[in-house]
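**Q** All chains should be built: construct the whole structure from the sequences, respecting the hints.
Quick mapping for you: the protein sequence lines, in order, are chains L and D.
With the numbering used here applied, the first sequence has no gaps in its numbers, which climb one by one up to 285 at the end.
With the numbering used here applied, the second sequence has no gaps in its numbers, which climb one by one up to 285 at the end.
Since the hints were made in silico from the structure, they are not lab data.
Just so it is clear, the structure is predicted and the values come from calculations on it, not from any experiment.
Please note that the accuracy of each hint is not assured.
A partial selection of chain D residues facing chain L, derived with a Cβ cut-off under 10 angstroms [claimed, not checked]: (1) H17; (2) Q20; (3) L46; (4) Y48; (5) D123; (6) T162; (7) P173; (8) I185; (9) T282; (10) T283.
Cut-off 30 angstroms, straight-line C-alpha distance, at most; resulting in silico cross-link-like pairs (DSS-like, lysine-lysine) [as the list claims (entries may be wrong)]: (11) D:K217 with L:K157; (12) L:K211 with L:K157; (13) D:K89 with D:K12; (14) L:K157 with D:K157; (15) L:K180 with D:K62; (16) L:K217 with D:K157; (17) D:K249 with D:K213; (18) L:K181 with L:K15; (19) L:K180 with D:K89; (20) D:K109 with L:K83; (21) L:K157 with D:K181; (22) L:K28 with L:K54; (23) L:K181 with D:K213; (24) D:K53 with L:K109; (25) L:K211 with D:K181; (26) D:K89 with D:K62; (27) D:K26 with L:K181; (28) D:K217 with D:K157; (29) L:K181 with D:K180; (30) L:K211 with D:K180; (31) L:K83 with L:K26; (32) L:K135 with D:K109; (33) D:K53 with L:K157; (34) L:K157 with D:K180; (35) L:K217 with D:K211; (36) L:K135 with D:K180; (37) L:K109 with D:K249; (38) D:K135 with L:K109; (39) D:K213 with L:K180; (40) D:K211 with L:K181.
Just so it is clear, CB atoms sit at the ideal spot from N, CA and C, and this is done for glycine as well.
Number of protein chains: 2
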Amino acid sequence: MSTAMMGSDVAKAMKEHLIQEVIELKEKGIEPCLTIIRVGNREDDLAYERGAKKRMELVGIKCQVLELPENIHQAEFEEAFQKVNEDPKVHGILLFRPLPGNLDEGPVKAMIHPFKDVDCMSDINVARIFSGDEKGFAPCTAEAVMEMLDYYGIDPKGKRVTIVGRSMVVGKPLSMLLLKKHATITICHTRTEDLAGTCRNAEILVAAAGKAKLITKEMVGDGAVVVDVGIHLDESGNLCGDVDFDAVKERASYISPVPKGVGSVTTSVLANHVVRAARYLTTSC
Amino acid sequence: MSTAMMGSDVAKAMKEHLIQEVIELKEKGIEPCLTIIRVGNREDDLAYERGAKKRMELVGIKCQVLELPENIHQAEFEEAFQKVNEDPKVHGILLFRPLPGNLDEGPVKAMIHPFKDVDCMSDINVARIFSGDEKGFAPCTAEAVMEMLDYYGIDPKGKRVTIVGRSMVVGKPLSMLLLKKHATITICHTRTEDLAGTCRNAEILVAAAGKAKLITKEMVGDGAVVVDVGIHLDESGNLCGDVDFDAVKERASYISPVPKGVGSVTTSVLANHVVRAARYLTTSC
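**A** Have a look at this one:
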């Protein structure tokens, strides 16, 4: 039987540490602050926003939301964004994407201060993650996987780690974070010829393919660590991940559930990035 | 027995194509031009410079060299760089690195026009390669490997490709180029626990570890394609690669020699980038 990797436990441990860091910043007269920029009212943006606000409040980070109308013009959008970007009291900016179809994210990606870019929109942060520069902010979900492994004492160094999925929000940046920790990484995807065999060979398997229950028991090696980044509704309308949890848990040593797994850690990573951003922006780096 | 992948054959095929592209540009009144910026007189820079100049001449690209003294001050260096960067007649810039210790490459990396950045110095190009954006210029050596595979009709799609080495000039960008071609990629390095087994499992093996004759016959699967990016002097003072060529050639289906392998293709990739840069810079992209 496997150990379930509970996101709430990871988040709780991170919380204690974050509270301490926020206290230290406030003692120096710095109030860490996140601004969420939301265009329109998409339900999944609103859900994440509620979670993020709650998490920031829990650790003492100020969180404000700039709500912009869905039909805003590009010029006004850029102006509103730049105002936040230039505000010295704001340390982190989270812009919900994708933007409505009438807006182009290119100009704000180029504009955002790299230290305020707490969810890896800008080329500078992408390049930092690719090159292993510690000043970079990885996408929060990718880094949440690293926090999860770290909390459960799983060191990827030298290990065979297989990542299923090659997106810019999880697969690719996560592969770079793992490589920096000296894992031997393999990236699989829809065109991989022997997906089952490649997954089975992994000591740590990360499912980030975006396909419900893609990873079956036969695709998991005995005692492997399985981290599930997917989130879907199954045929009965219940939340599920990329992994067939009930079957795979019989074979894995550790396995993260969905819900209550990786998704419960992302806002803690976001809080951590805001704290780091506040530190970078108020010292001489 | 294996087929030797000869860099000169690849370069020759690229030459025919490049000559045609340069003629088309010249018919539109555009003379593609590369400026090489060299600080000091390092022998390996000079050797590459000779090869690059010869290659540009062969295909009809103008090539000029800006030679700067080794003891140049940062401000003068940046000024000289910016002048080339702003010159509308220059389409590609190749700066030899590493720079002498007294100079910081950061400002010119941030300054270089992304379309003139034909050897992937800037964050924008790094981010483009990472995200799979076709407008990006990969480091010439990484792309030379792709040209080699392409010339010999080896399609990496769906294949198990192992890359030994995780540098920013070969291993990492090459992994992204291969991923874009739908290979299943594995990145190994010094901390990989079972290097031999991981290499043996590959259908295509790329050695870019920077260690002479690291890859022995036992580390290569029967019929694998082996591409060698290393270049070293062996104990007898002869050039050799990361692969023990004489032994491995018995087992591989294709194998690139050193010298006369990948290294003979890099200046052709550089020429190709200059042609693309000239096209990008003179049209409305």
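**Q** It remains to establish, for every hint, whether it holds in the given structure.
**A** Going down the list of hints, with the structure as the test:
no.: 1; hint: H17; result: violated (27 angstroms)
no.: 2; hint: Q20; result: violated (32 angstroms)
no.: 3; hint: L46; result: violated (28 angstroms)
no.: 4; hint: Y48; result: violated (23 angstroms)
no.: 5; hint: D123; result: holds (4 angstroms)
no.: 6; hint: T162; result: holds (9 angstroms)
no.: 7; hint: P173; result: holds (8 angstroms)
no.: 8; hint: I185; result: holds (5 angstroms)
no.: 9; hint: T282; result: violated (22 angstroms)
no.: 10; hint: T283; result: violated (18 angstroms)
no.: 11; hint: D:K217 with L:K157; result: holds (26 angstroms)
no.: 12; hint: L:K211 with L:K157; result: holds (28 angstroms)
no.: 13; hint: D:K89 with D:K12; result: holds (27 angstroms)
no.: 14; hint: L:K157 with D:K157; result: holds (28 angstroms)
no.: 15; hint: L:K180 with D:K62; result: violated (41 angstroms)
no.: 16; hint: L:K217 with D:K157; result: holds (26 angstroms)
no.: 17; hint: D:K249 with D:K213; result: holds (13 angstroms)
no.: 18; hint: L:K181 with L:K15; result: holds (23 angstroms)
no.: 19; hint: L:K180 with D:K89; result: violated (41 angstroms)
no.: 20; hint: D:K109 with L:K83; result: holds (27 angstroms)
no.: 21; hint: L:K157 with D:K181; result: holds (28 angstroms)
no.: 22; hint: L:K28 with L:K54; result: holds (24 angstroms)
no.: 23; hint: L:K181 with D:K213; result: holds (26 angstroms)
no.: 24; hint: D:K53 with L:K109; result: violated (37 angstroms)
no.: 25; hint: L:K211 with D:K181; result: holds (21 angstroms)
no.: 26; hint: D:K89 with D:K62; result: holds (10 angstroms)
no.: 27; hint: D:K26 with L:K181; result: violated (49 angstroms)
no.: 28; hint: D:K217 with D:K157; result: holds (25 angstroms)
no.: 29; hint: L:K181 with D:K180; result: holds (24 angstroms)
no.: 30; hint: L:K211 with D:K180; result: holds (20 angstroms)
no.: 31; hint: L:K83 with L:K26; result: holds (24 angstroms)
no.: 32; hint: L:K135 with D:K109; result: holds (17 angstroms)
no.: 33; hint: D:K53 with L:K157; result: violated (44 angstroms)
no.: 34; hint: L:K157 with D:K180; result: holds (26 angstroms)
no.: 35; hint: L:K217 with D:K211; result: violated (39 angstroms)
no.: 36; hint: L:K135 with D:K180; result: holds (27 angstroms)
no.: 37; hint: L:K109 with D:K249; result: violated (48 angstroms)
no.: 38; hint: D:K135 with L:K109; result: holds (17 angstroms)
no.: 39; hint: D:K213 with L:K180; result: holds (25 angstroms)
no.: 40; hint: D:K211 with L:K181; result: holds (21 angstroms)
Hint compliance for this structure: hints 1, 2, 3, 4, 9, 10, 15, 19, 24, 27, 33, 35, 37 are not met, and every other hint is.
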